[in-house]
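Engineer: From first to last, the protein sequence lines are chains A and B. Those letters in the first sequence? Residues 1 to 553, per my numbering, in order. Those letters in the second sequence? Residues 1001 to 1330, per my numbering, in order.
It should be emphasised that the hints constitute simulated quantities derived from the structure, not laboratory data. Each hint can be trusted.
Some chain A residues near chain B, calculated using beta-carbon distances under 8 Å: (1) A173; (2) L174; (3) T180.
Computed footprint of chain A on chain B; a stretch qualifies when at least three of its residues, placed anywhere within it, have a C-beta under 8 Å from a C-beta of chain A: (4) 1076 to 1083; (5) 1087 to 1097; (6) 1143 to 1153.
No residue lacks a Cβ here, since even glycine has one placed at the ideal position from N, Cα and C.
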Amino acid sequence: MLPLRQALRRPLTLVALAAIPVVVLAVFFVLPVVGMVGRGFRPEGHWDVAGVIEVLERPRVHRVLWFTVWSSTVATAITLLLGLPAAYVLHRLALPLRRVVRAALLVPFVLPTVVVGVAFRQLLTGPLDWLPIDGTPIAIIAGLVFFNVAVVIRAVGAAWESLDARPAEAAAALGAGPWTVFRTVTLPALRPAIVGAASVVFLFCATSFGVVLTLGGLRYASVETEIYLLTTDLLDLQGAAALSLLQLAVVVVLLAVGARLRPAREASAQRAPTRPRRPRLSDAPQLAVTTVLLAFVAAPLAALLVGSLRVTTSGGERWSLANYRALSSTGSHQALIEPATTALDLSLRIAVDATLFALVLGLLVALSVTRRTHSRAERRLRGVLDAFFMLPLGVSAVTLGFGFLITLDRPPVDLRDSPWLVPIAQALVALPLVVRTLVPALGGIDDRQRQAAASLGAGPLRRMLVVDVPVLWRPLLASAGFAFAVSLGEFGATSFLARDENATLPVVIFRLIGHPGPMNYGMALAASCVLAATTAVVMLVVERLRVPSLGVL
Amino acid sequence: MTLSLRDVSVAYDGVPAIADVDLDLPDGQVLAVLGPSGSGKSTLLRAIAGLEPASGRIAWDGDDLAGVPTHKRGFALMFQDGQLFGHLTVAANIAYPLKLRRVARAERRRRVDELLTLVGLEGYGRRLPLTLSGGERQRVALARALAVEPKLLLLDEPLSALDAGLRERLAGDLRRILTAAGTTALLVTHDQEEAFTVADRLAVVRAGRLVQEGPVADVWRAPADPETALFLGYARVLTGDAAAAVCAAAGVKTSGPVALAVRRSALVLAEDGPLSGVVVSARATPDQLRLVVDVDGVGEIDAVASSGVHPGPGERVRLRAEQTRLSVVP
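Construct all of the structure, not just a fragment, from the sequences and the given hints.
Structural biologist: Following this line, the structure appears as structure tokens:
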């Protein structure tokens, strides 16, 4: 019986390692999503497929769908057009302040979506109000591009930087000019990274919530915001469930297509990475695009900062810190129940909890999906687990929050009043990011290092300490930073789950801009600045760790 | 049609990688640049290809190449690991430079077939580089480099990534192919056997400087200094009395003290030899017996004997010195 026991031991260890994340995902992800599906198909306890089809036939739903598709497509295209030259400039050219600019361009990605929305509103109604684009799709697309350009720069830039220079040199030596080299050698080599980045950006655009909600208002809705409106304003749970289902299906298909298009990484024995070179005159177009991009990223943030420091009094506008002082109040017209400072405090505490939760979960997932497999069954099991743990990436935060709301309020899991509800939801939103940061680092460890350590007499724990920990601590810290930033700015799921008396800062900001009065608006601007500064600081620390995390999303 | 280098230097962040190299390569010749790893020989090659900014003058037929970018120099470069384009088939890889030069499709196909035959890979056109062995990949890379009949073929350690047996065979093939195509070539390598097999001329580079240059046989027979001798495969360099004793035994006339580079097979067991010594160790190889002998007046030194005799350690033997296996080093 010994061989059988040995054959079973490894898969069983894998199952044990994966057990906790599987259970957590089952309760906090599968259960809510299944509950939501049930709500859509069985509104009154019996199957009602016709009702779902009826929802999908509504003209407004068609409009919403069409808007989601075309705005996401256009936003993705523009993001690529702006991001690719910037990726080249920031990763291949030796420019002064290159690192700083790279970090600065990364900030929008982790800015809370609500803050992005508020910043664009402030820019378009303030300094740029002569441009008739406030409240138009152009504003929404601009917001989406602003938010996603960092993904392209990071993913493509990292691939570009680590690109082996020698094939390009070989082509040049064979007589290919710079443009021909780019077209026939560099672009094919970058294609996986570009396709990967484009599919991720499209996904982010199509499921974007905060940006569309704050910039689109009621006139322009994407599937995501429509779900929110149907749930909270119209109480049409069946409609919301049907749309969530549709979105889930589309996103899963998108992810599957993306995974198909992304070829397996070619294991190259040697690489000769290039050193960044001095810019030449021929780099002028790329440099120009990068400058435009920098201005585009800086403008809304500058408008936000300036706006937060201006107050309107009887004597006209003047500089003041009054908006920031007002954060300790509840705003005018009873906009809030608790002061904004309380919300900030709560946000930070929730973010710490969510980060810890996401890290523990992410580490377990990463360890189990990067374990070396010895048998086909084990490999298959690992593949299934890998796909399972990536599911939260495919489900929008709004769907998740909605699912939490309708399933975790009764036994077997009753978390209605639990302070853990919001951190858990946020941790699940951050989980894919954490996993995708840790997996390449763990997977990149040559197993022969562990074998070498073992052959020198190191036990399993010792091996981990000597081989894995030194490689892992940076990505671990970086993913902690990512999770913290994501949690701090999370709006989609939280907007469903946070109550008025324990709202997080993004929810408070959204509530403030929804209430009339210059004081409330000023407070929203100030709170946005505080939130942006906090996440920016976290991100800059992460950037110092130099982990190419987004490159593998 | 010659390549000429004058005072060529390349520095990385102020640290010189190669310094003040003067070199000429006549038409149709194959020059091997031989040097240990880190000696700057690859940098020299990249400078000639236009991939590294170099000071000094690199000229082709008297025309300075300073402002000419890589793709306009008309040289072909072949890397250690081939650097085939993974997304193109073997035929498309070879046709790549032809396409750049707008060669018509039919002519292109004919050239590709011709080149595949030249490198011994008929029928490999539709394979992808990933499915080839290391040696096959190098052959394809060579065919691609030869496709445009380059004025000068630059080879960066073309055979180093291959295992020993294959390397030896391919080195011979390379020589044959280069001679058949009449190509002027510059080969960078750290392997003297490879250099001897492939090249007409030899340039030895050490620590970024050109130490010696000339026809292969001349360089091999008369190394410029002791270090070069050791690098060219001489087993030991003797000095003082030891050198004088071996010189006398070999009948080499010397004036004053010299350094003497000796190959492993310089001393041969002979009953009437002028040198006498005690065997320290003996090891049999398929071809001969390799000995270390403590020779009177010389010290421990390598010697060989035919496989027929079996002197054991401690035995006293007599040796003669082979003049052709020695070299007096200035």
